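*Asks:* Spelled out, the chains give:
2 protein chains.
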Amino acid sequence: MRGVSKDGHGLSWFETAQVRLLTMRVDFPGDGARLGLEPPVKLASNSAAVCQVRGPGMTYCCGVLVRDGLVMIADTRTNAGLDNVSTFRKLHIFSKPGERIMAIASAGNLAISQSVLSTLTEGLEDPHTGEIETLLNAPTMFQAAQRIGRAIRAVHATEGVALQSEDINFDVSFLFGGQIKGSRMRLFMVYPAGNFIECTTDTPYLQIGEHKYGKPVLDRAMHYDVELYEALKTSLISMDSTMRSNLGVGLPIDVLIVRTDVCDADLNHRIEAGEPYYHDLRSRWSAALRAAHQNIPRPPYKTETQSKS
Amino acid sequence: MRGVSKDGHGLSWFETAQVRLLTMRVDFPGDGARLGLEPPVKLASNSAAVCQVRGPGMTYCCGVLVRDGLVMIADTRTNAGLDNVSTFRKLHIFSKPGERIMAIASAGNLAISQSVLSTLTEGLEDPHTGEIETLLNAPTMFQAAQRIGRAIRAVHATEGVALQSEDINFDVSFLFGGQIKGSRMRLFMVYPAGNFIECTTDTPYLQIGEHKYGKPVLDRAMHYDVELYEALKTSLISMDSTMRSNLGVGLPIDVLIVRTDVCDADLNHRIEAGEPYYHDLRSRWSAALRAAHQNIPRPPYKTETQSKS
Chain U
299 MRGVSKDGHG
309 LSWFETAQVR
319 LLTMRVDFPG
329 DGARLGLEPP
339 VKLASNSAAV
349 CQVRGPGMTY
359 CCGVLVRDGL
369 VMIADTRTNA
379 GLDNVSTFRK
389 LHIFSKPGER
399 IMAIASAGNL
409 AISQSVLSTL
419 TEGLEDPHTG
429 EIETLLNAPT
439 MFQAAQRIGR
449 AIRAVHATEG
459 VALQSEDINF
469 DVSFLFGGQI
479 KGSRMRLFMV
489 YPAGNFIECT
499 TDTPYLQIGE
509 HKYGKPVLDR
519 AMHYDVELYE
529 ALKTSLISMD
539 STMRSNLGVG
549 LPIDVLIVRT
559 DVCDADLNHR
569 IEAGEPYYHD
579 LRSRWSAALR
589 AAHQNIPRPP
599 YKTETQSKS
Chain X
299 MRGVSKDGHG
309 LSWFETAQVR
319 LLTMRVDFPG
329 DGARLGLEPP
339 VKLASNSAAV
349 CQVRGPGMTY
359 CCGVLVRDGL
369 VMIADTRTNA
379 GLDNVSTFRK
389 LHIFSKPGER
399 IMAIASAGNL
409 AISQSVLSTL
419 TEGLEDPHTG
429 EIETLLNAPT
439 MFQAAQRIGR
449 AIRAVHATEG
459 VALQSEDINF
469 DVSFLFGGQI
479 KGSRMRLFMV
489 YPAGNFIECT
499 TDTPYLQIGE
509 HKYGKPVLDR
519 AMHYDVELYE
529 ALKTSLISMD
539 STMRSNLGVG
549 LPIDVLIVRT
559 DVCDADLNHR
569 IEAGEPYYHD
579 LRSRWSAALR
589 AAHQNIPRPP
599 YKTETQSKS
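So the sequence lines, in the order shown, correspond to chains U and X.
Sequence positions in the first sequence follow the working numbering and run 299 to 607.
Sequence positions in the second sequence follow the working numbering and run 299 to 607.
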């Protein structure tokens, strides 16, 4: 089979075929996984039938762990093809104020990520003790992250074969951050296999979904000693860069800020379209980039080779 | 099969497996396509055995078509896994000064892109007239682009089955730009299937390879009326953003500038590591981004919810 172009340019049959492919591969929760054959897929007016297209690039979530605390942001755009776009919350908060606060941001197939969250909320039975394990009764953040992994594997065990038979990847990933009183604040990224990595001070952020457009600004501006709301500002610029380049990422944006050792949300906010601060941030960033660009001198190479032409 | 994480973070077995996959899938030109089994792949000391890893993200080329002319830039990093990195020219110029100038930038599997270029240089026989068709005797830029497509299909016909049997995608793409005296300057992007799109004034640039990191600055700063060397400057900033985030893209950078209706290179230059102008551009851009970031006010949300915490 010949390769398929990865970019969004173009009007050729090749791109059309690609869009059709994206449109076709949607899930119908409650009715198993289906692969439609005629684009555009006709979905029932049931909003639960709106699912994320598989593959990367249709969500952007970013978690930042700095000395002062934790920032997590997530967009809310969900789609089952360009002709079916909806708003679903991807940032979920679990807390007992003052004792623990945990947040999960999800990317990937919405049917899978919702099933994982429901499994975690209902709890998983420990095979040895019979105890029902949830995030809220996990002894440590590490064990809570393991429980997310176990929930992913449980959903995979239930859904994986049926999805595979319909050629649907088991595509899901999570950011998981928070703090339990008496332990340190931690941030993890959990993979589709249920394994995970932890954020460290060298690179104090993790991303899931469409991560590339928004990474350069994080690489340049984010470090462990950044003030907490400055870290939010950088994350919002990163989100802006992503939204400008990928229509699959969009407003509103959910924001959680947790200050170290408080074990409660310092900020739990939704940025809606047209909000003055975010609108101003986007305008200022654009204007500053234009100015920065103008202030760089013109390349001098022509002078070197002037004699040639 | 479970999904594979698309990002470069992480030290888990999942990432290790991914890197191994990248390392394994290399081509050995002159010996057919092989899929090694033991990482790291041991390549012969023959430099021709150094090939690009398949898949996107290991090259960055950008073409810009503005009123004043054409800019094409390409990095030169080529790799067969992280343990085998080399420098290969990806920007190739075909010209009869004053009569025509054409340039091809390539991304993808190096064995394939080199075969396509060699096929074009040797020429393809027209089945009806018996004429040997090359880029330099193409009547129009459109027909020249069609010849690139035909060369890709010829290489696919020869190599495709053997590559497929080794599970190697036919991964190659080209930017093709230039002008023939008496016609307008044109810029195309040619896909692995040999079909192509043409750059227009609305979005006056095309990219191949690792295009995401460098796209935001193009989207913000590039338009059809930008001066030619300003367009080069923006392209170099775009290249800088890409190189900072993807080790698969690296210096030196090849640059071609063609002024409209001149049909000769205005600039044919290689930017080497440590070159003062490019070094200065990178420093200024970084400093300007930091300043832009600092000049955006801190998010005001905390004030709104101050009563809460």
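Derived by calculation from the structure, the hints in this document are not laboratory data.
For clarity, every value in this text was computed on a predicted model and none was experimentally measured.
It cannot be assumed that every hint is accurate.
For identical chains, the list gives no copy identity; a pair is met inside one copy or between any two copies.
[Stated by the list, open to error] Simulated crosslink set (DSBU-like; lysine-lysine; CA at most 30 Å straight-line):
| # | residue 1 | residue 2 |
| --- | --- | --- |
| 1 | Lys-600 | Lys-394 |
| 2 | Lys-479 | Lys-600 |
| 3 | Lys-479 | Lys-394 |
*Asks:* I want to check one pair: Lys-479 and Lys-394. Are their C-alpha atoms no more than 30 Å apart within a copy, between two copies, both, or neither?
*Replies:* within (10 Å within a copy, 74 Å between copies)
*Asks:* When no copy is specified for Lys-479 and Lys-600, does a C-alpha distance of 30 Å or less occur within a copy, between copies, both, or neither?
*Replies:* Between copies, since 23 Å is at most 30 Å while 63 Å is not.
*Asks:* Could you figure out if Lys-600 and Lys-394 sit no more than 30 Å apart (CA to CA) within one copy, between two copies, both or neither?
*Replies:* between (65 Å within a copy, 21 Å between copies)
Of the numbered hints listed earlier, not one is contradicted by the structure.
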